[in-house]
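Heads up: the protein sequence lines correspond to chains W and B, in order.
According to the numbering used here, the first sequence is numbered sequentially starting from 1.
According to the numbering used here, the second sequence is numbered sequentially starting from 1001.
Treat the hints with care, since some could be wrong.
Here's a subset of chain W near chain B, in silico, CB distances under 10 Å, partners left out [unchecked claim]: (1) Pro21; (2) Glu52; (3) Gly56; (4) Pro60; (5) Ala223; (6) Cys239.
Listed below are the simulated DSS-like cross-link pairs for lysine-lysine, each with C-alpha atoms no more than 25 Å apart in a straight line [unchecked claim]: (7) B:Lys1065 with W:Lys209; (8) W:Lys209 with W:Lys16; (9) W:Lys39 with W:Lys164; (10) W:Lys39 with W:Lys16; (11) B:Lys1065 with W:Lys207; (12) W:Lys39 with B:Lys1240; (13) B:Lys1065 with B:Lys1192; (14) W:Lys93 with W:Lys39; (15) B:Lys1065 with B:Lys1003; (16) B:Lys1097 with B:Lys1240; (17) W:Lys93 with W:Lys164; (18) W:Lys207 with B:Lys1240.
Please keep in mind that the hints were generated in silico from the structure rather than gathered at the bench.
Since we're looking at a predicted model, the values are computed, not measured.
We put the beta carbon where it would ideally sit given N, CA and C, even for glycine.
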Amino acid sequence: MVAKDLSVELCGIRLKNPVIPASGTFGFGLELADTFDLKLLGGISLKGTTREARFGNPTPRIAECTAGMINSVGLQNPGIEVLVGEKAPALRKIYDGCIIANISGYSVEEYAFNCARADACPDIDLIEVNVSCPNVHGGGMAFGTDPAQAAAVTKAVREAVSRKPVFIKLSPNVTDIVSIARACEDAGADGITLINTLLGMRIDIRKRKPVIANKMGGFSGPAVFPLALRMVYQVAHACGIPVMGCGGVARAEDVVEMMMAGATAVQVGAENLRNPLACPEILEALPPLMDSLGINSLQDIIGIA
Amino acid sequence: MQKRIFHIESNAAVARDTFRMVLRTDGPVTVRSGQFVDIALPGFYLRRPISVSDVLPDGLIIYYKVVGEGTRVMAGYVPGTPLELLLPLGSGFHPEKCREDALLVGGGLGAAPLYLLAKELLALGKGVSVVLGFNRADEICLAEEFRALGVAVHFATLDGSVGTRGFVTDAIAAARPAFDRFYTCGPLPMMKALCQALDAPGEASLEERMGCGAGFCYGCSVRTASGPKRVCADGPVFDKEVILW
């Protein structure tokens, strides 16, 4: 087998491979440091962070679905200062790949403030702005479902960040994903991550009540892969900036498919929760899969479909 | 944490809706009392977290109750079926913190992890008393296993069919066991009443619906006196003082 080149270039950053655990499904990386060698990963997207510490939503926060799950964690996090002062530096000590800060906020000003703090942290390589969390009220997804609001956040963040690429993470809970992505591109985004979770719900038919305490939550898992792939394809073809594809990725085949749809990097989300070794297993399966498909470099297949 | 394949050696009903499963693997197994395993069930997206009741040189024993679709499927598994487990998970009990005599209080299937704890305490030379609460006689499990360890076992049943009629707190009042530390696992109202009734230091094992089971999804967080804690990784066992009932 010819040596396979898994590396990709993402906004000037060389990733050793395109596989990145998605925000919210991998903690701050440190939680899994004893489970496998994190250095295998092309990047790590850290848990979504707000200015102040948040406990998140009441439990139950998790519901099982066919081929997926719903979460309503609600951005539990220790706040931006702990991220830049403790979490990112601690991860950098054991990880040399691309560290991605995932930033949330309740106002345009908070987004800008948090991103400026992440920009100033030498242990963060890329900033991913979450305008798509379905689990917090008065923020999150509200900014990502309207082109004008998404553009306003992007513009403010772009002005606050001078050193690092800024990706905007979009919600699939919209009618026209392309118009939102274009608005972000026009406002100065360096890239787009999509998709975040779909707003979903389960009811316990014995208790006659919603399973999730917050009633609704974000649906993710293999069931959403075709929808995510379609949106990645649409956005990658409509925009000139790179896309990180996310949504239902569970296997090496899914990574290749996402990249053929136009993704430069691929995030693995819910699958980490059912299999903490999902990312290293995907990375082990990629070279033989590439060989069987006649692929020598993953960079070559981006958007080829 | 490891991901390992186990094979079912036996899987049988031992009480009302309650099953005992013996699992074997190819090598030594290390689990402490209060820790749990997360079992992948083919056809279900999330794993099932189940506490470990006993550890064998190359396996373990779990008890589970049929409460939903997943456990109903589990109950139908035949010997020889392979299962993929994540283990060991969670923090576990602290038998070393007991000075001389321990009181173990289980409610329903909460008895299961206390069995391994009893063995650990006895190995440390501690005295062990056990109080188990059930709704009714046909739910009682693990009674013979505890007795085989040579420890005193007291029962409370809500219908009075076995032991003291009422709650575990009633059985404790009747038996008056000597203890300097207590350990409990069972329904939240039972553990709350117990922790408030007993002056001695104690540990309680909490339950919560989990995502990853290993501390990185933050799906099972609870507020405690020491701040937010993940039941799966910071617990499931907590000192009674930090639990905000």
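Earlier hints that do not hold, by number: 2, 6, 8, 12 and 18
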